[in-house]
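Go ahead and model the full structure; you've got the sequences and the hints to work with.
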Amino acid sequence: MEKIKIGVVIELKSLRIYWLQLFVVLFLLPFSYLFIMFLSSGGNINKNEVVSLLIGYMVVTLVSSFVNMLSLRITNTKQPEVLELYSTYSMTFPQIIVSQCITYTLLTLPLVIVVSLYAIISLQSVNVPLFITGTIIGISVLLLISIFLGLAMNNLFLANGLFQILFVIFVILSPSYFNMQSLNKVLKIFLIFNPITHILNILRTPLKISSGFDIKWSYLYLFVLSILLVMFIARRIKNTYVLEKIF
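In case it helps, this note's numbering puts the sequence shown at residues 76 to 322.
The set of hints was computed from the structure by calculation and includes no laboratory data. All of these numbers come straight from a predicted model, not from anything done at the bench. Incorrect hints may appear among the rest.
Taking lysine to aspartate or glutamate and the DMTMM-like style, the derived pairs with C-alpha atoms no more than 20 Å apart in a straight line are [as the list claims (entries may be wrong)]:
| id | residue 1 | residue 2 |
| --- | --- | --- |
| 1 | K263 | D289 |
| 2 | K260 | D289 |
| 3 | K313 | E159 |
| 4 | K80 | E159 |
| 5 | K88 | E77 |
| 6 | K283 | E124 |
| 7 | K88 | E156 |
| 8 | K88 | E159 |
| 9 | K78 | E159 |
Quick list of the computed label-pair ranges, beta carbon to beta carbon [as the list claims (entries may be wrong)]:
| id | residue 1 | residue 2 | range |
| --- | --- | --- | --- |
| 10 | K263 | F232 | 29 to 39 Å |
| 11 | M306 | N151 | 20 to 30 Å |
| 12 | I312 | K263 | 18 to 28 Å |
| 13 | R310 | S197 | 40 to 50 Å |
For every residue, glycine included, the Cβ atom is placed at its ideal position computed from N, Cα and C.
This is the structure:
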């Protein structure tokens, strides 16, 4: 546990260099989508729609933080010169990954708490336990996706461009800022294969905001996806060495 705390401190200190990128990823990119949707609505939106947009904003911020930054950080950590830095603290590679996940989760936690509290207080008949469960599952799945992406890529420069493209695809092909029920069947099929769609569903359904399909399918989809991701991650972490040996 002490090594993980050291890893978190290292990550937080390193982020001071990337404060501008952090601002863009955590605030500017997600907020720009939210702002455009508010403008397009003309301000004529009810309380349910406001909460739905805020949930979308929260998820997009998580995706932006984890895919754009955490995944890239994991890919960067695999470089020999970076692993050499961590080896001075005798940290294992899993400890490094866990510390990075904790760091980026802490960065997004204030927004998650604020949006969640607003949604619970503003709406009536909210299934709070189910909503909290959905939030934990959503964050966990996004972390697994980010770890998978970070471990799957070896070229840091290629990863930098690819992760930004994936972020845009995740956002565009998900009902983050619109109602999925208004789409035609072809577009719905594309959205169904996007894990972000299912994360949004398990967050909005407890708030009595319908996404057009049963929450059970979302839980099943995310469960199967998580198992596949864990299997891949476990294999790649096992084969990652620090200074020619596994500590």
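Here is how each hint holds up against the structure:
1. Annotation: proposed proximity of K263 to D289 holds, straight-line Cα distance about 14 Å (limit 20 Å).
2. The suggested pairing of K260 with D289 holds, with an alpha-carbon distance near 16 Å, which does not exceed 20 Å.
3. At roughly 18 Å between alpha-carbon atoms, K313 and E159 fall within 20 Å of each other, so this suggested pair holds.
4. Restraint check for K80 and E159: satisfied, since their Cα atoms lie roughly 18 Å apart, inside the 20 Å limit.
5. For the given pair, K88 sits about 17 Å from E77 by alpha-carbon distance, which is consistent with the 20 Å threshold.
6. Distance hint between K283 and E124 is fulfilled; the C-alpha atoms sit about 11 Å from each other, no more than 20 Å.
7. Of the supplied pair hints, the one linking K88 and E156 holds, its CA atoms being roughly 18 Å apart against a limit of 20 Å.
8. Of the supplied pair hints, the one linking K88 and E159 holds, its CA atoms being roughly 17 Å apart against a limit of 20 Å.
9. Straight-line distance between C-alpha atoms of K78 and E159 comes to about 15 Å, which keeps the hinted pair within the 20 Å bound.
10. In this structure, K263 and F232 meet the distance hint of 29 to 39 Å, their C-beta atoms being roughly 36 Å apart.
11. At roughly 24 Å, the beta-carbon separation of M306 and N151 lies within the given 20 to 30 Å, and the hint holds.
12. At about 36 Å, the beta-carbon gap between I312 and K263 misses the expected band of 18 to 28 Å.
13. For R310 and S197, the hinted distance range of 40 to 50 Å is satisfied, since their beta carbons lie about 44 Å from each other.
Hint check: a violation occurs at hint 12 only; the rest are consistent with the structure.
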